[in-house]
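**Student:** Sequence:
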Amino acid sequence: MVDFVGAGSGAADLITLRGKKCLEEADVIIYAGSLVNPALLDYKKEGCEVHNSAYMTLEEVIGVVEAAEAAGKRTVRLHTGDPCLYGAIREQMDELDKRGIAYEVCPGVSSFCGAAAALHAEYTLPDVSQSVIITRMAGRTPVPDAESIEKLAAHQSTMVIFLSTGMLEELSERLAAGGYGPDTPAAIVYKATWPDEKVFRCTVSTLAETAKEYQIKKTALIVVGRVLAGEYNRSELYNPAFATEFREASR
Numbered sequence: 151m152v153d154f155v156g157a158g159s160g161a162a163d164l165i166t167l168r169g170k171k172c173l174e175e176a177d178v179i180i181y182a183g184s185l186v187n188p189a190l191l192d193y194k195k196e197g198c199e200v201h202n203s204a205y206m207t208l209e210e211v212i213g214v215v216e217a218a219e220a221a222g223k224r225t226v227r228l229h230t231g232d233p234c235l236y237g238a239i240r241e242q243m244d245e246l247d248k249r250g251i252a253y254e255v256c257p258g259v260s261s262f263c264g265a266a267a268a269l270h271a272e273y274t275l276p277d278v279s280q281s282v283i284i285t286r287m288a289g290r291t292p293v294p295d296a297e298s299i300e301k302l303a304a305h306q307s308t309m310v311i312f313l314s315t316g317m318l319e320e321l322s323e324r325l326a327a328g329g330y331g332p333d334t335p336a337a338i339v340y341k342a343t344w345p346d347e348k349v350f351r352c353t354v355s356t357l358a359e360t361a362k363e364y365q366i367k368k369t370a371l372i373v374v375g376r377v378l379a380g381e382y383n384r385s386e387l388y389n390p391a392f393a394t395e396f397r398e399a400s401r
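Heads up: take any position in the sequence shown, counting from 1, add 150, and you land on our numbering.
Keep in mind that the hints are not guaranteed to be accurate.
Unchecked claim - Listed next, the in silico SDA-like pairs over lysine to any residue satisfying Cα-Cα at most 25 Å (straight line):
no., residue 1, residue 2
1, Lys194, Glu219
2, Lys301, Leu235
3, Lys368, Leu313
4, Lys362, Glu320
5, Lys348, Arg384
6, Lys195, Met206
7, Lys368, Tyr205
8, Lys223, Ile251
9, Lys348, Ile284
10, Lys248, Ala267
11, Lys194, Glu254
12, Lys195, Glu216
13, Lys367, Ala161
14, Lys301, Thr353
15, Lys170, Ala182
16, Lys301, Pro276
17, Lys195, Tyr253
18, Lys348, Ala161
19, Lys367, Tyr382
20, Lys362, Arg376
21, Lys368, Ala189
22, Lys348, Leu235
23, Lys368, Ile251
24, Lys367, Thr353
25, Lys223, Gly250
26, Lys362, Glu323
27, Lys362, Glu395
28, Lys248, Lys194
29, Lys248, Ala288
30, Lys171, Pro276
Claimed, not checked - FRET-style restraints, in silico, Cβ to Cβ:
no., residue 1, residue 2, range
31, Tyr388, Asp177, 33 to 41 Å
32, Lys348, Gly289, 33 to 41 Å
33, Glu254, Leu208, 16 to 24 Å
34, Pro294, Ala391, 38 to 46 Å
35, Thr207, His305, 33 to 41 Å
36, Glu381, Pro188, 38 to 46 Å
Source of the hints: derived by calculation from the structure; they are not laboratory data. Where is the CB? At the ideal position from N, CA and C, for every residue including glycine.
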């Protein structure tokens, strides 16, 4: 049996209870060492075999899983955040399907949630933005043309941009080309929820200079949108004049 486990956004105590239990029971752990907080390995039991997938290929990962299966061992594949986002788990699941190896997925707290917590932000404010676009810049791995930064920025919704800290000058240009004004609020959140978390508020036009000033080169999320400006209309959900199935409107 293989458990794909979301490690959470960084802090070791932000893994889910189910994920922690999986780690405690695992005979073999394959973890994404370039991103996962190594403190999570403190949950493993004595004698657990540990592999760092930062140094491994897909074929090597599957080879470790096959060996564990042959020995009747339980494997945890530990991914950063929630494995459904940029986790490259589909290709692993397909390989396990080919081999008839059973697996389950344990969700985790994504770093985009951790970034919102660090910013004290709500991504979906009434009359400001009701949508969140999670994306990244094209780099060594391409992005479909229909999902270019310019085309997504045209929606003027909240954007959370992964894996793009080293391309912030180009990112600013593309955001502007898509319709975000230069003074649109933005933020760089470095290692959200980790002990060394840092938050830098800026604008679309000052993303690159802010990162340069504070020497942020990787392991950061970029958040863009008017939800960071602080202006919004009150929610109807808790408005005394708004009736719900649980509460009558006051007169």
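**Student:** Does each hint hold? Answer for all of them.
**Tutor:** Evaluated hints:
no. : hint                          : verdict
1   : Lys194 <-> Glu219             : holds, 18 Å
2   : Lys301 <-> Leu235             : holds, 20 Å
3   : Lys368 <-> Leu313             : holds, 8 Å
4   : Lys362 <-> Glu320             : holds, 14 Å
5   : Lys348 <-> Arg384             : violated, 29 Å
6   : Lys195 <-> Met206             : holds, 23 Å
7   : Lys368 <-> Tyr205             : holds, 19 Å
8   : Lys223 <-> Ile251             : holds, 12 Å
9   : Lys348 <-> Ile284             : holds, 20 Å
10  : Lys248 <-> Ala267             : violated, 40 Å
11  : Lys194 <-> Glu254             : holds, 19 Å
12  : Lys195 <-> Glu216             : holds, 21 Å
13  : Lys367 <-> Ala161             : holds, 20 Å
14  : Lys301 <-> Thr353             : holds, 19 Å
15  : Lys170 <-> Ala182             : holds, 16 Å
16  : Lys301 <-> Pro276             : holds, 23 Å
17  : Lys195 <-> Tyr253             : holds, 20 Å
18  : Lys348 <-> Ala161             : holds, 14 Å
19  : Lys367 <-> Tyr382             : violated, 32 Å
20  : Lys362 <-> Arg376             : holds, 23 Å
21  : Lys368 <-> Ala189             : holds, 20 Å
22  : Lys348 <-> Leu235             : holds, 22 Å
23  : Lys368 <-> Ile251             : violated, 35 Å
24  : Lys367 <-> Thr353             : holds, 17 Å
25  : Lys223 <-> Gly250             : holds, 15 Å
26  : Lys362 <-> Glu323             : holds, 16 Å
27  : Lys362 <-> Glu395             : violated, 51 Å
28  : Lys248 <-> Lys194             : violated, 29 Å
29  : Lys248 <-> Ala288             : violated, 31 Å
30  : Lys171 <-> Pro276             : violated, 38 Å
31  : Tyr388 <-> Asp177: 33 to 41 Å : violated, 49 Å
32  : Lys348 <-> Gly289: 33 to 41 Å : violated, 23 Å
33  : Glu254 <-> Leu208: 16 to 24 Å : holds, 20 Å
34  : Pro294 <-> Ala391: 38 to 46 Å : holds, 45 Å
35  : Thr207 <-> His305: 33 to 41 Å : holds, 37 Å
36  : Glu381 <-> Pro188: 38 to 46 Å : holds, 41 Å
Checked against the numbered hints given earlier, this structure breaks hints 5, 10, 19, 23, 27, 28, 29, 30, 31 and 32; the rest are met.
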